[in-house]
Amino acid sequence: GAQRGFLLAVRDDDITVIAGRDQGLPPDGERGASPRGFSQAIVRYALRTNKPVLVPDAREDLLFAKDSYVRSFHPKSVLCLPLAWNDQQGVLYLENNLAANAFAADLIEPVERFASQALMVYQASLGPAANKIAAVREANVVFTNREAKILSLIAAGLSNIEIAARLHIAEGTVKWYTHRLFNKLGVESRTQAVVRAGELGLLALE
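Under this note's numbering, the first residue of the sequence shown is numbered 86, with each subsequent residue one higher.
Just so you know, the hints here were simulated from the structure itself, not pulled from any lab data. Just so you know, even glycine gets a beta-carbon here, dropped at the ideal spot from N, CA and C. Heads up, a few of these hints could be off.
What the hints assert, rightly or not - DMTMM-like mimics (lysine to aspartate or glutamate), calculated; alpha carbons at most 20 Å apart, straight line:
id	residue 1	residue 2
1	Lys161	Asp107
2	Lys136	Asp107
3	Lys136	Asp146
4	Lys260	Glu232
5	Lys161	Asp146
6	Lys234	Glu247
7	Lys161	Glu145
8	Lys161	Asp142
9	Lys269	Glu284
What the hints assert, rightly or not - Computed Cβ-Cβ distance ranges for the label pairs, DEER-style:
id	residue 1	residue 2	range
10	Arg156	Ala104	25 to 33 Å
11	Trp261	Pro141	45 to 53 Å
12	Ala255	Asp146	19 to 27 Å
13	Leu252	Ala150	31 to 39 Å
14	Asn230	Ala190	47 to 55 Å
15	Ala169	Ala255	46 to 54 Å
16	Leu148	Gly286	25 to 33 Å
17	Ser274	Thr229	17 to 25 Å
Start from the sequences and build out the full structure, keeping to the hints where you can.
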């Protein structure tokens, strides 16, 4: 099975995280955001070929072993499925870091069917979400150096206390800056802030 998974939407070569889960982390909160992301090389290969990509062990795969994500995080099994619903393109990315050959080929069809339904639901709700992102873009969001630093540390999974210690400021100050970030990005949680900043190209990971 998968330890980590992301449902991704693709439009104009931009990849947006619709939903994600990292086993062992809560869906939101102090450590809700998963800073690791996923292998762009595997995702884009699946998009380019428009075929399921089943990687038994990414660390030893001739195509992907030199990918920066694979070299940094050493994922083993990866399953990547290109999806489409009407004019909406998407990708399901699943990863297992404990075992090679964790995904069986006969699982591809049912998993692909389920993920396509999720993509359909996403497309149905795209209007309001797209409007919100467009509004943030039109507002020409600019972060101060301190805000950008705190956002990058949030994306790296640090808690408010850890960020305060890293930057030598009070925890209350971190919370204040975090709320400013939420307001600028039009979001209500850490995970949403990281995803939205990534969509807007405003996130620089530590």
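For each hint, the structure was consulted:
For the given pair, Lys161 sits about 15 Å from Asp107 by alpha-carbon distance, which is consistent with the 20 Å threshold. Of the pairs offered as hints, the one joining Lys136 and Asp107 is violated, with about 24 Å between alpha carbons and a cut-off of 20 Å exceeded. Restraint check for Lys136 and Asp146: the C-alpha separation of about 17 Å stays at or below 20 Å, so the hint holds. Restraint check: the Cα-Cα separation between Lys260 and Glu232 comes to about 11 Å, which is no more than 20 Å; the hinted pair holds.
For the suggested pair Lys161 and Asp146, the alpha carbons sit about 10 Å apart, so the restraint of at most 20 Å is met. Pair hint Lys234 plus Glu247 holds up; C-alpha atoms about 13 Å apart against a cutoff of 20 Å. For the proposed pair Lys161 and Glu145, the alpha carbon gap of about 9 Å is at most 20 Å, so the pair holds. The suggested pairing of Lys161 with Asp142 holds, with an alpha-carbon distance near 4 Å, which does not exceed 20 Å.
A threshold of 20 Å between alpha carbons decides the hint, and for Lys269 with Glu284 the separation of about 14 Å falls inside it, so the pair holds. Checked against the hint of 25 to 33 Å, the pair Arg156 and Ala104 passes, with Cβ atoms roughly 26 Å apart. Judged by the Cβ atoms, the range 45 to 53 Å given for Trp261 and Pro141 holds: they are separated by roughly 48 Å. Our hint of 19 to 27 Å for Ala255 and Asp146 is violated, since their Cβ atoms are close to 47 Å apart.
Between Leu252 and Ala150 the CB atoms are about 36 Å apart, so this pair conforms to the stated range of 31 to 39 Å. Here the CB-CB span from Asn230 to Ala190 is close to 49 Å, well matched to the stated 47 to 55 Å. Between Ala169 and Ala255 the Cβ separation comes to about 49 Å, which falls inside the hinted range of 46 to 54 Å. In this structure the hint that Leu148 and Gly286 lie 25 to 33 Å apart at CB holds, the actual value being about 27 Å.
As the Cβ distance of Ser274 to Thr229 is approximately 21 Å, the hint placing it in 17 to 25 Å holds.
Of the hints listed earlier, those the structure fails to meet are numbers 2, 12, in rising order.
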